[in-house]
Amino acid sequence: MSEKKESSKIIRLAHGAGGVLQEELINFITKDITLKNVNKGIGVEELDDGATIPLENYDKEIVITADGHTVYPLFFPGGNLGTLSICGTVNDLLMMGAKPLALTSTIIIEEGFKFEVLEKIIKSFNEKAKEANIAIIAGDTKIMPSGSLNEIIIATSGIGIKDKEIKIVDNGLKVGDKIIITGTIGDHGTALMASREGLNISTDLESDLNLLLEINESIKSEIKSNYIHAMKDPTRGGIAGALNDWASKSNVSIYLEEEKIPIKKQVNAICDMLGLDPFNIACEGKALLSVDPAQADIVLKKIKSTQIGKEAEIIGEVKAENPKKVLLKTLVGGTRFVDMPLGEPIPRIC
Amino acid sequence: MEIPGSKILRSKQFTDKIISSINKNIKAINKPVKIMHVCGTHEHTISKYGLRSLIPKEIEIISGPGCPVCVCPAADIDKAIELGKRDDVIITTFGDMIRVPATNLSLAELKAKGADVRIVYGPNDAAKIAKDNPNKEIIFFAIGFETTVPLTGYEIKSNPPSNFSVICAHKLIPAALELLMSIDQLSIDGFISPGHVSTIIGIKPYKLFSNAYHVPNVITGFEPNDVLLAILMLLKQIKNKKFETLNEYSRVVKPEGNIVAQRIISEVFESVSSPWRGIGRILDGGLAIKDQYEKYDADKKFDIKIEKSTDIHPGCSCHLIMTGKLSPNECKLFRKICTPLNPVGPCMVSMEGTCSIYYKYYSE
Ligand code: SF4
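Chains A and P, in that order, are what the protein sequence lines are. Position one of the first sequence corresponds to residue 1 (our numbering), numbered consecutively onward. Position one of the second sequence corresponds to residue 1 (our numbering), numbered consecutively onward.
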């Protein structure tokens, strides 16, 4: 089986899909970095949504995120690469409890790409940035020879600011915490999949692509009081990826109740058809929160009062037994594990 | 797109009722009961809904050879690979099939080396590719049980282009049930039979089987309460010493099956003794294309001989998994070397393969 060994040494698509392989790749890339943080802030080792630079003699810290955005197709129901790049950057900042200030963007374009298409993407990019009230303060462009890149990539770095006291981190889950999701899961990935050529699925399903500003705004005081122990937007890898990540970084288990997890009917139907698990499918406008149990109901109520959080639910609880695992009580009352997704979800066409 | 009645079939209240009935019946039976299903989709339902955690531990549900890509012998895949190496050939097949490891390679690995291997929804897509590529030979690698056979048959019957042909690796379920009954140590107390296969073949083949072998059998659907109801219906039979085939899935399965589909099958194919990966040769276990349609039979058209093939690689226990003798976590390679991204055996490939289902839904 020599072929096997050879192929395991190359980078595969699945290395970017938010599963165990991505972890492996990140470790490979970051293991030999010498300086991994500034002023003992959150650094590359935490593998969180971003990093922090605590400012000396000041009660604030700078929050920085980095993100490369690609999407296929470039224009999908509910958004495009431009809006996706802004939402992704802003949401990453928000998920660390920061106020988004500015971003830089590097646009890498394949030779032959149409100006007309670029214009549409840039227009959406700028409009979304305006909506988020985030400044675009620096950028770069590169053109790659035709064939060496698929169309276009946008890489951004987000800059925000937050109180040093606020600690919203992936390893912050505490036993007893309630897990909240701010709305239906799997919309983005499923809408994208359905819009791909060749699958012939007709649906009005749209991506849930959205800025999460409203959510953070609604629970500002709870964030300030550190009642929110962790926040994450479950993009690649879906809620299964995000929750497994939390469970293992916080050394706790998470018990979910399937009945409580909001999923659109179309998402369930399309996923069933394609043999996909909605738990593994990306959201782009949802947040998961791990909340102090005494505050969970009030936090839920506040989130539900926002436009984008109407369908929010408490979907589970943090426990001590079975550490590093995510378990699910199924619709019919059985129990099973929810695994860390392995790689890019591949539709079954069989 | 919702299946009618699916609410009740996933309703916890209904589940609780069935479970309490199951509990009563197993108490009355007063000994352990072993139930086998022969369908990857059933295993998926059982694992996804955590049904094993709901039923009393006296009931063991084991998974039989129910995953179509798993039982396809390596020699057939090797054949597709050999043909796929030719510049003038396009191999087409279902998505799950291309990642199944054969003797040295999988079709996916062949594709990575530059061969033209394409995933299709069905044989009609393959025939379309044949029309669009008149200078190439398009080979449809046909796998699956009675559910997919009519599609292949229909395509062969409807005069596809002459550059279209089929590697026929279709298998038949009832013959496999008979073989399972003859495996000594297994001693199965009841079978759960797959609803979709029955939609095509009807109930009769199963009735013959349950009568001949004195084993109860229930045809059922794929919702969690379908499967639990089937278990209950089996327990009642076991308790009352009955050996019948009952149809839980009557909302879909008609007693006579799908006559049109049956006609297509018998017109185009004949049943033959056929090798099942990991299980061995099964009398009437597979289908071959009749002589009348031999110009679409890739075997005859290309005359490829595979001298030696390896169904089970060293260390892999798929043969024991598929006959219900072992559970995936008893395999030494499970999770350590063998994962869905690096499958050693066929059971780790498709979402209907027992090992890949266990990988996803059961922890170490
Ligand atoms: S875990 Fe892998 S090696 Fe073991 S039986 Fe299953 S497929 Fe074969």
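Fair warning: there could be bad hints in the mix.
Said to hold, decoys possible - From the derived model, a few chain P residues whose C-beta atoms are all more than 12 angstroms from chain A:
| no. | residue |
| --- | --- |
| 1 | Lys48 |
| 2 | Arg52 |
| 3 | Ala212 |
| 4 | Lys241 |
| 5 | Lys254 |
| 6 | Arg281 |
| 7 | Ser309 |
| 8 | Met351 |
Unchecked claim - Calculated pairs, SDA-like style, for lysine to any residue (alpha carbon to alpha carbon, straight line, at most 25 angstroms):
| no. | chain 1 | residue 1 | chain 2 | residue 2 |
| --- | --- | --- | --- | --- |
| 9 | A | Lys329 | P | Asn329 |
| 10 | A | Lys329 | P | Lys308 |
| 11 | P | Lys57 | P | Pro255 |
| 12 | P | Lys57 | A | Thr335 |
| 13 | P | Lys131 | A | Thr335 |
| 14 | A | Lys120 | A | Asn150 |
| 15 | P | Lys7 | A | Asn150 |
| 16 | P | Lys12 | A | Ile314 |
| 17 | A | Lys260 | P | Leu283 |
| 18 | A | Lys260 | A | Arg196 |
| 19 | P | Lys308 | P | Leu283 |
| 20 | P | Lys27 | P | Thr41 |
| 21 | P | Lys157 | P | Lys57 |
| 22 | P | Lys7 | A | Lys120 |
These are computed hints drawn from the structure, not numbers from a lab. Don't be surprised by glycine CBs; every beta carbon is placed ideally from N, CA and C.
Take a quick look at lysine 254(P) and tell me if its Cβ sits farther than 12 angstroms from every Cβ on chain A, holds or violated. Holds, because the least Cβ-Cβ distance between lysine 254(P) and chain A comes to about 24 angstroms, which exceeds 12 angstroms.
Minimum C-beta separation from serine 309(P) to chain A exceeding 12 angstroms: can you confirm that? Non-interface label stands for serine 309(P): nearest chain A Cβ at 15 angstroms, farther than 12 angstroms.
Has the given pair, lysine 329(A) with asparagine 329(P), been kept, meaning a C-alpha gap of at most 25 angstroms? 22 angstroms, holds
Verdict on arginine 281(P) as a residue remote from chain A, using beta-carbon distances over 12 angstroms: 25 angstroms, holds
Is it true that the CA of lysine 27(P) sits at most 25 angstroms from the CA of threonine 41(P)? 29 angstroms, violated
Would you check the hint for lysine 329(A) and lysine 308(P), treating anything up to 25 angstroms between C-alpha atoms as holding? At roughly 47 angstroms apart (the allowed maximum being 25 angstroms), lysine 308(P) and lysine 329(A) break the hint.
Distance restraint between lysine 12(P) and isoleucine 314(A), which requires alpha-carbon spacing of 25 angstroms or less: Judged against 25 angstroms, a Cα distance of about 19 angstroms means the pair holds.
Satisfaction of hint between asparagine 150(A) and lysine 7(P), Cα-Cα up to 25 angstroms: 44 angstroms, violated
Given as non-interface: methionine 351(P), which should sit over 12 angstroms from chain A by C-beta: 5 angstroms, violated
Given the hint that lysine 120(A) pairs with asparagine 150(A), does the C-alpha gap stay at or below 25 angstroms? Holds: lysine 120(A) and asparagine 150(A) sit about 17 angstroms apart, inside 25 angstroms.
Is the Cβ of lysine 48(P) farther than 12 angstroms from every Cβ of chain A? 7 angstroms, violated
Hey, lysine 260(A) versus leucine 283(P), does the alpha-carbon distance stay inside 25 angstroms? 49 angstroms, violated
Checked against the numbered hints given earlier, this structure breaks hints 1, 2, 8, 10, 11, 13, 15, 17, 18, 20, 21, 22; the rest are met.
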